[in-house]
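S.K.: Sequence:
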Amino acid sequence: MWRLLVVVVIGVVYAQKSEIAYAEAIDQAKELLKNAVGGTTAPTVIGKVVEALEEAALAVRTDKSVVLALVQKDGRALRYASSDLKNDKEVVLAAVRHDWRALEYAEIEDKEACLAAVRLDGWALRYAHNFREDKEVVIAAVSQRGNALRYVANALRKDKEVALAAVARDGYALALADYSIKVDRDVVLAAVTQNGWALLYADPSVRRDKEVVLAAVRQNGWAVWHASDELKNDKDVVMAAVSQNGLALTKVGVDQRKDREVVTAAGTQNGRAFGFARPTLQSDKNFVLTAVRLYGRALQYAAGFLRHDKEVVLAAVRQNGRAFEFAYDALKKDRDFVLEVVEASGWALEFAPGFSNDKDVVLAAVRRNGEALEHASAELRKDREVVLAAVSQNGRALEFAPANLKEDKTVVLAAVRQFGPALGFASAALQTDHAIRRVGNWPSPHLHPSEVEVATKKPAT
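Read in order, the letters of the sequence shown are residues -15 to -1, 1 to 446 in mature numbering (1 follows the signal peptide of the UniProt record, and there is no 0).
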């Protein structure tokens, strides 16, 4: 089909033998182009037709029926049409309704075509040179894409109605508005309500307006960065900001970072915010206890003497076992305390390597979190009692058992009973054991690769 089309097009361009042959070639090209386009939307097919049209004789490119059929499938094919058809309203409308970018190739200056294009994508205004001062076209454009305001005539960038339409769609459009708009409270309020960060582009006089700033930080806590210094120390504003994004605590007034209520609100939203509290709070045991109960790893931000405090450390570990990483080394060497810690969270065993070969400690850890078996010594990972305790708590722990225990039917049954896909870690022989498969609800006696993938995939921790 396409080979024939190319031959015909070449014939159209180069046929010189007779007027009859030339006319026949033209007719064939027209029919092939129309037939090729009809009923297809495949990009590769349309692309080939467009290329053919580009090479076609002027007689083909001036045929309205051919071009109209093509631009309805690929609007940008308008660029290959004759000048007359680029001035034809019906053709241009069909093109821009399919692809707004076709407006670039239109030679007719038609409002209806411009409106059709900008309603598809406001950026079409870049090609509507003679309508950038037309309020109806401009509002349609910025309502679809706020930053199309960059293509608006200067006179309309000062227009409040236009600005409101733009910032309602994209608060950042405030950056493109005239200065007279950036001092307009109504427009700025609309902008920051859509995107709090737009406060950056407001006039400083508006950044002192509490209602405007509150609207901004409720949408994006980081917007407090652009508030006036006075409002960075306003507790209402600060609480709204850190409640939306705890890390906004880094951009508020220094005194606010001493406020227990503010820092607690920030840390509740994002535990890492506790790291930005003032040292006076990081040295306050009651505050630190509150913090680690919300976010165990906040222990890393506590004053040194509190990371040595058993009550504080235990509270942190109960919230997140891996918080034990930040305890003082002396506590990690205290056997009685380590035993108490791993009973609270087996994950803490990872940070007490001195007890990885202590059976009592390891048993306490795996009974709490089976996968803590990963951090037991090689010797204890061979201990059947330890492994059985681990897989009974979490079948995934079978992954860390030695080969001989992966062949132990009792151990594997315990693992599969707790977590069916753990069968993927068992020996090949036990993976086809019907009794074990029934316990794990496996559908067939043969593992499918996808089943093994599910079984061996570790969950996020």
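These aren't lab readings, by the way, just hints derived from the structure by calculation. The C-beta atom is built at its ideal place from N, Cα and C for all residues, glycine as well. Each hint should be verified, as a subset may be incorrect.
The list that follows gives simulated cross-link-like pairs (lysine-lysine, PhoX-like), each with its CA atoms no further than 25 Å apart [what the hints assert, rightly or not]:
{"hint": "1", "residue 1": "Lys295", "residue 2": "Lys318"}
{"hint": "2", "residue 1": "Lys167", "residue 2": "Lys145"}
{"hint": "3", "residue 1": "Lys217", "residue 2": "Lys243"}
{"hint": "4", "residue 1": "Lys367", "residue 2": "Lys391"}
{"hint": "5", "residue 1": "Lys317", "residue 2": "Lys295"}
{"hint": "6", "residue 1": "Lys367", "residue 2": "Lys344"}
{"hint": "7", "residue 1": "Lys96", "residue 2": "Lys74"}
{"hint": "8", "residue 1": "Lys270", "residue 2": "Lys195"}
{"hint": "9", "residue 1": "Lys270", "residue 2": "Lys243"}
{"hint": "10", "residue 1": "Lys96", "residue 2": "Lys49"}
{"hint": "11", "residue 1": "Lys195", "residue 2": "Lys217"}
{"hint": "12", "residue 1": "Lys96", "residue 2": "Lys145"}
{"hint": "13", "residue 1": "Lys344", "residue 2": "Lys318"}
{"hint": "14", "residue 1": "Lys167", "residue 2": "Lys96"}
Computed spacing ranges between beta-carbons, pair by pair [what the hints assert, rightly or not]:
{"hint": "15", "residue 1": "Thr265", "residue 2": "Asn132", "range": "28 to 36 Å"}
{"hint": "16", "residue 1": "Lys270", "residue 2": "Lys145", "range": "36 to 44 Å"}
{"hint": "17", "residue 1": "Ala388", "residue 2": "Thr265", "range": "52 to 60 Å"}
{"hint": "18", "residue 1": "Arg278", "residue 2": "Tyr313", "range": "27 to 35 Å"}
S.K.: Now look at each hint and say whether the structure bears it out.
M.R.: Hint check:
Our distance criterion of 25 Å between C-alpha atoms is met by Lys295 and Lys318, whose separation comes to about 13 Å. This hinted pair checks out: Lys167 and Lys145 have alpha carbons roughly 10 Å apart, not beyond 25 Å. This hinted pair checks out: Lys217 and Lys243 have alpha carbons roughly 14 Å apart, not beyond 25 Å. For the hint linking Lys367 to Lys391, the alpha-carbon distance of about 11 Å falls within 25 Å, and the restraint holds.
With a CA separation close to 11 Å, the supplied pair Lys317 and Lys295 stays within the 25 Å bound. With a C-alpha separation of about 12 Å, the suggested pairing of Lys367 with Lys344 holds against the 25 Å cut-off. Only pairs whose Cα atoms come within 25 Å are accepted, and Lys96 paired with Lys74 is accepted, the gap being roughly 10 Å. Our distance criterion of 25 Å between C-alpha atoms is broken by Lys270 and Lys195, whose separation comes to about 35 Å.
This hinted pair checks out: Lys270 and Lys243 have alpha carbons roughly 14 Å apart, not beyond 25 Å. Using a Cα cut-off of 25 Å, the hinted pair Lys96 and Lys49 holds, with the two alpha carbons roughly 21 Å apart. A distance of roughly 10 Å separates the Cα atoms of Lys195 and Lys217; the hinted pair therefore holds under the 25 Å criterion. For the hint pairing Lys96 with Lys145, the CA-to-CA distance comes to about 23 Å; that is within 25 Å, so the pair holds.
Under the criterion of a C-alpha separation no larger than 25 Å, the hint pairing Lys344 with Lys318 is consistent with the structure, at around 15 Å. A threshold of 25 Å between alpha carbons decides the hint, and for Lys167 with Lys96 the separation of about 30 Å lies outside it, so the pair is violated. Distance hint check for Thr265 and Asn132: the Cβ-Cβ separation is about 45 Å, which falls outside the suggested range of 28 to 36 Å. At about 55 Å, the beta-carbon gap between Lys270 and Lys145 misses the expected band of 36 to 44 Å.
For the pair Ala388 and Thr265, the beta carbons lie near 56 Å from each other, so the given range of 52 to 60 Å is met. Between Arg278 and Tyr313 the C-beta distance comes to about 19 Å, which lies outside the given range of 27 to 35 Å.
Comparing the model with each earlier hint shows violations of hints 8, 14, 15, 16 and 18; every other hint is respected.
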